[in-house]
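Below, each chain spelled out in residue letters.
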Amino acid sequence: MSEARLISLTVNGETRETLVEPRRLLSDVLREDFALTGTHVGCEHGVCGACTVLIDEKPARACLTYAIQMEGHEITTIEAVSDAGLSPLQRALHEEHGLQCGFCTPGIVMTFEAFLRDTPDPGEEEVRDVLSGNLCRCTGYQNIVSAVMKAAAEMREAAGD
Amino acid sequence: MTETSKFHYIGKPLPRKEDRRLVTGHGRYLDDIIVPGALHACFVRSPHAHARILGISAEVAREMTGVVGVFTGTDLARWTNKLRLAPPIEGLHPTEIETMPTDKVRFHGDPVAIVVARDRYIAEDAAECVAVDYDVLPPVTSIDTAFAPDAALVDDSLPSNLVSHQTFSAGDVDARRKEAHAVVEASFYQHRQTHVPMETRGCAVLWDPGREHLTIHIGNQVPHPLRSQLAGRLNLSESQVTVMSPDVGGGFGQKIALYREELAIAALARHLKRPVRWREDRAENLMSASHARENLCRTRASVTENGRILGLELELAEDFGAYCFYPANYMSRVVAMIVTGPYRIQDYAFEMKVALTNKCGNGPMRAPMAITSWVMDGTIDAIARQLDLDPLEVRRINMLRPADLPYRMATGEVLEDITPSETLESAVNAIDYEAFRKRQRALRDQGRYVGLGLCTVVESTTYGSAFYKSAGIPGSGHEAAWVRIEPSGTVNASVGLGGTGQGYETALSQTVAEGLGVDPSEVKILTGNTDVAPYGMGSRGARGGTAGGGALFLCARKARGQVLQIAANKLGLNTSDDMRLLDGQVERLINGEWTATGLTLADVARNAYLDPTSLPEGITPGLDFSLTYDPPPMTYSNSTHACEVEVDVRTGALTILRYLVSEDCGTVINPVVVRGQQQGAIAMGLSGALLEEVIYDETGQNLTATFADYMVATACELPNFEILHHHTPNSRTPAGIKGMAEGGVMGAIGAVTNAVNDALAPFGTVADRQPLSPQYLRSLLRDRGAAARQNEQE
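Residue numbers (full-length UniProt numbering), protein chains in the order written: chain A, 1 to 161; chain B, 1 to 794.
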């Protein structure tokens, strides 16, 4: 075990300091040190996708990332997705019944907030392909796919396409 | 939805109230609950399937900085009672389980010691340093080896590994076999699976030494029965224990039993007088939480020349794993009781054997009776194959017709208010059966193999107390509810269910709204806290809608009665007949028309709380109601699943081309929620039938302890599901609710396997086991190489 070190992380636009051992996972630091418990831990081996956050705007597994690696990077968690009201994607998940127990949902929201920014007009197959990085045991995925398609359409309309 | 149109709030597709906090990351799952000063526990687990514990050396671990203590089964034996299961069921051996093994471990992953430390990292480090000395014993790793005469004993207190054995016979199956045109045999092996809730198990326990009170935060489906268990095992009274179940990240049957880990954490919190928490990691969840299924069924059907079933015999064997957290006959018995499902069969016999093996213990998993409909409809397909009949015609000739209902099955179970022939016909119409057959023939000529599988399901949904009584199991099927109209007129209500994602806060608010006459947005549902909720039996099977929704509906009706009496008094009327509450407004029927009175529920509530002396005679202050409700012995929903697949005979790859279900689950409380349950159940069935498998090697090592090895279906493996709706209310339950949510699993595993066999028919081979992996399908085809080559050439 190496000595704990004071590091400075930029999380949801705020700079925060915390003392971490080098082996400490980003998921644990977010949840335990910063009380950002919306990032869920489902497998701790990078398969289930529940812990997905954005690192420099790209989706990544917080359970496979050491917090100490994150100095100089920008981390965005589910807590920063909506300031007032829900984002179009969150609203669509609600309207399309795209969640049941909701444990996997923050990871799915983070994955597709990034995806829809880069891919405003995706096909259903493409959405399923990207969604395959997030496991959901409740829904059978159908309503999540509809929600993503609906959110994409709404966001395109709002952008004036 | 014509049948539900008499309702104002039941049947409305309301989006869920719980979503807002869940989509924004503000849910409160177990590990999100901050418990100041909590210690973290990590279990040391057995690397062997079967071994004597010779000694545990924990000195190194205890010396590590941050470690509070290391504890073993011997410590726990002093602080807790064993789990003894001895229901008076013929052929079932009583069993007893220690809180943690003191003498021998029985499966790979069995806990042998617990480290408690300042944080989880230290606890895991220290667990690595606990040395356990084992004497390895020969493992029992299959049903066959369990029953071998020289098999090692999994449970040393039993005479053999046959922990449960029952037989049953109705009518005369021997006579039917003799008079039959043909006897058709078929077999069905369902592999071992596990529940995989996305949130693993865990708990956080606080002991208050002053009040001598234990509070456990734990994601659980049955908070009150869990409290009874926990109090009993810790020698506490039920008033000394509070169970608080927060948002739960899925359960699927895995979060019912009080597991040894949770009991151990509770005992340690009390012993250490400090909060202790444990979060299971995924490897533990896959290896050590609870497994399910792994059963083998063989059927023998005596049939006439046109496929009419005269008699049916079923042999059923289940690999139950090492420990009985449930009576060992529990899951298999339901299969044996209802296997004949939607078909007219009065001559029926079964033999049921349950084996203990050196694997993780079995428990009920979403559709504990999952294999049932595959076994029955698979048998129908076997009859069609052997007699060269159309499988649809064999279904039709055997299926219960409306005139046959109510129908007493050979086992005594009574089916009523079900519509199997209607769901079958609507499913085959929607698929266009004849067109499919034409397409299938044309594609075969091109060397492509598509198949259609049908599976009609009769799903046992709500188990009433009378069912438990007749099964000889102590217990109740009742549910309890309270409804409180607060002084402002807003409504709080509670029930003993424990939600794990079913949308109770929304759907159950609709049942209260319907019973009372207020908008569902005015109703808040409180569950999951044993100090708040009444003692109910919790969430299992598909009982939530009927038992929970039913109890709340009836309780709200009771509340409405009193509200209207008070309203009548305020209006100077002698009777509350011809009055109703709708959207919180009191209305009167005047000249056949509902007319506003100007009085609201809030007015009545103010009267009841703030001016009680003006209440009518015999009415006490406040608006506080409770009741318990015991559903009928059993309620049933039904459905027909139809699945089209294509098998690539070169690679064994399976593609689902179309999936359709026609379902009748009675009165639907919230169609949005029900549709989600239908999709989710089918998905779980397909995921299990195609991909998932717990694999133990011949030494009893679990080889599937990661998500890379235990494969759960992703969005790429599952199709969209088409759903056709029927709504035949149950005539005996409040509002005609039947319950649903497990039938989708039953239908999916049957429909997809039947479809594969239909696709493979030209090769003369039959898939009789799952998962339907490419490797397995290729192995079937490889044996049929000549036929395959011939077909490819044609």
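Honestly, the hints are just simulated from the structure, not real lab data.
Please note: incorrect hints may appear among the correct ones.
[As the list claims (entries may be wrong)] For each label pair, taking beta carbons as the anchor points, the in silico distance ranges come out as:
| no. | chain 1 | residue 1 | chain 2 | residue 2 | range |
| --- | --- | --- | --- | --- | --- |
| 1 | A | Arg-156 | B | Leu-387 | 53 to 59 Å |
| 2 | A | Glu-157 | B | Ser-470 | 58 to 64 Å |
| 3 | B | Trp-594 | A | Gly-160 | 46 to 52 Å |
Where a beta carbon is used, it is the ideal one built from N, C-alpha and C, also for glycine.
Item to complete: Sort out which numbered hints this structure fails and list those numbers smallest first.
Response: none
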